[in-house]
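Each protein sequence line maps, in turn, to chains Y and B. All residue numbers for the first sequence refer to this note's numbering, where the first residue is 1 and numbers rise by one. All residue numbers for the second sequence refer to this note's numbering, where the first residue is 1 and numbers rise by one.
The reader is advised that the hints may include incorrect statements.
As the list claims (entries may be wrong) - Footprint (simulated), chain Y over chain B, 3 or more residues, beta carbon under 8 Å:
#1 217–229
#2 303–309
#3 364–376
The set of hints was computed from the structure by calculation and includes no laboratory data. Ideal Cβ placement from N, Cα and C applies to all residues, glycine included.
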Amino acid sequence: MALPKYTEPHYRIWHYTYLLICGFVFFFLIAPLFVIFPLSFNAEEFLVFSDGMKRLDPDAFSLRWYEDMIYGTKNPWGAAAKNSFIIAIFATLGSIVLGTVAALGLSSRHMPYKGLIMATLISPMIVPLIISGVAIFFFMAKVGLAATHLGIILAHIILGTPFVVITVTATLSGFDHSVTRAASSLGSNPVNTFLKITLPLILPGVISGGLFAFVTSFDEVVVVLFLAGLENTTIPIQMWTGLREQLSPTILAVATCLIVLSVLILVTAELLRRRSERLRGINR
Amino acid sequence: MSSETQKILTTDGIPLEVSLKKAEKKNKIKAFLLVCPLLLFIIITYIFPIGEMFSRSIDDRMVTNMLPKTFKAMESWDGKELPSEEVFASFLADYRALAEKKEHGKLGQRLNKEKNGFNTILKKLWRKMKKFEEGNAKEQIMAVHKRFSDVKYWQAIKRTAPPYTMAKYLKGMDMYFNEDGKVVQVEEDRRIHRILWLRTLEVAFFVTLFCFLMGYPIAHLLATLPMKYSNLLMICVLLPFWTSLLVRTASWMILLQQQGIVNDFFVWIGLVADDNRPEMMYNKTGTYVAMTQILLPFMVLPLYSVMKTISPSLMRAGKSLGGTPFIAFWKIYFPLTIPGIGAGCLLVFILAIGYYITPALVGGASGTLISNQIAYHMKATLDWSFASAMGLMLLTGVLVVYWIYNKLVGIDNIKLG
């Protein structure tokens, strides 16, 4: 972005203003996340930087909130984390299976009413969550699945499949169908062809859709708020309750763990995206 | 042409055209069967329940089921003068049946909404009717209270006859049916829903605007910088995108509190006095700031993916043809980014209009939106039909936005990341 030597002064000034604005926006985006990190190591109970922390006094820092998170009395986080992971993992698997199979059908050029069906399938992503929450709650209450793990898992499959459908159809759009025809002509049955040929090639798309579904489920509050009973509290619900009642540093310890988790997910997603681009590059 | 193709036969002796059509049909069914599981799942667990929200929101069968004989007798009543003996008699019979099931109180409450003072006279009727003699119901009922001889009360009953009502939708717009059955507005100081609708629109609009103003420059920077720098900066966009919504809201709650870092900073640069720190949370400011930061990635990512496809030589060509950088930008670059602007604004606006968590946590009383009201009626007042009605009004709004967007820009595939 170096400017050429002949740039007139007022463009030069404009250019640096522009960079300054961009710097400010990037700061605005990322800085709030870094506030949580040091405060979760606070030795005191208050959510402000103590004088000791400003002086970098080692006594002002402690791991007590992490201890509280793991070993605390009447500790809700362990159970919540267990619930969250169980729900998210099953919801992700369900979304991947249903979404990938549907995407295979949708990408076929023989598919009738493609637009209408696509709109129906991705509608849970378009409709505001609060409305989805109300509608799904009515359904689950009617079939007696409210306040059960299964009900929440099914709800999260509804919310997660659109991401899988979109990413997998995008991956399949660059897919060379002659390889599956080659497999069939060599005597492979359709299931075998899918497992041995198609799936490995579209795997990056499947996994990145699955990541979206996982994050959606793991981070989802609105629908769970309607559906969850006392036995199904998840991490987001626990955080929601905590944030409404009182902001304790234990929440910040949990939040730090969640940020670490999201860094891991970000790295995975990024690696997958590059791999997928490389694979599709070969296909072309 | 067709006569020639018909002559071509497959090895089985079937005309090729027929054989191809058969194969085509088989493929169609195969594709459809693949989509079927998910389609059925979504329709049963999601699309139908949304339809059920609609029937719930207009449902008014309670009174219809409570007074079946009365409404049957009322069919021949013109509704102008006092109804006949038959109507009175069947009303008494219905009311007696309700009293036996101990549901007469519900009827009183419901009819009281239709016409004030109904509950009192129905209670009085309940006490007196035990001593009623056979026959001559009209005279005996009218003797219980003089309001029973007022035709307006009977008209009110007749109004509840249809099994559906639009009352919940009117309530969502701060209107109601008055005693004459006309649509009127509630008093000025009780129009809370209209304020909420306007505030929701206002917040969604300004959050979209702020996201656009902040997202456009950085998307441009990301798209024009060399790969190795832009990948690094992209993390600043993607990390918040992947981080839990509640974590980001929590961090804003820490930043914006009165003893928080933002206020500390303002005091330090001398913008505000230490003893006069402004309240930045639990009001609209908090909602704006937090929602803008949370939704900004949804603006940047579509803008970036569009800007990435614009060749830099176009701008150079514009400049070499004599345009200043500003004119080149405005006449060449900006129009090319409009699909990205449309996608980003649509995403942010639709996400913002249905936002629930952040306004509930940092919004306070003056920053809550229509979705908070829906959740309130779902969880606290249990007026599910009203919550459904408001939800569907919101959904209609969202669909209108989609429709306008489709007319203006056209819905492409929504890109993720």
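Three-residue Cβ test at 8 Å for the coverage of the stretch 303–309 of chain B by chain Y: violated (count 0)
Chain Y over the stretch 217–229 of chain B, status - at least 3 residues with CB closer than 8 Å: Contact hint for the stretch 217–229 of chain B vs chain Y: holds, 5 residues under 8 Å.
Within 8 Å of chain Y (C-beta), three or more residues of the stretch 364–376 of chain B: holds (count 3)
Going down the numbered hints, you'll see the structure goes against just number 2.
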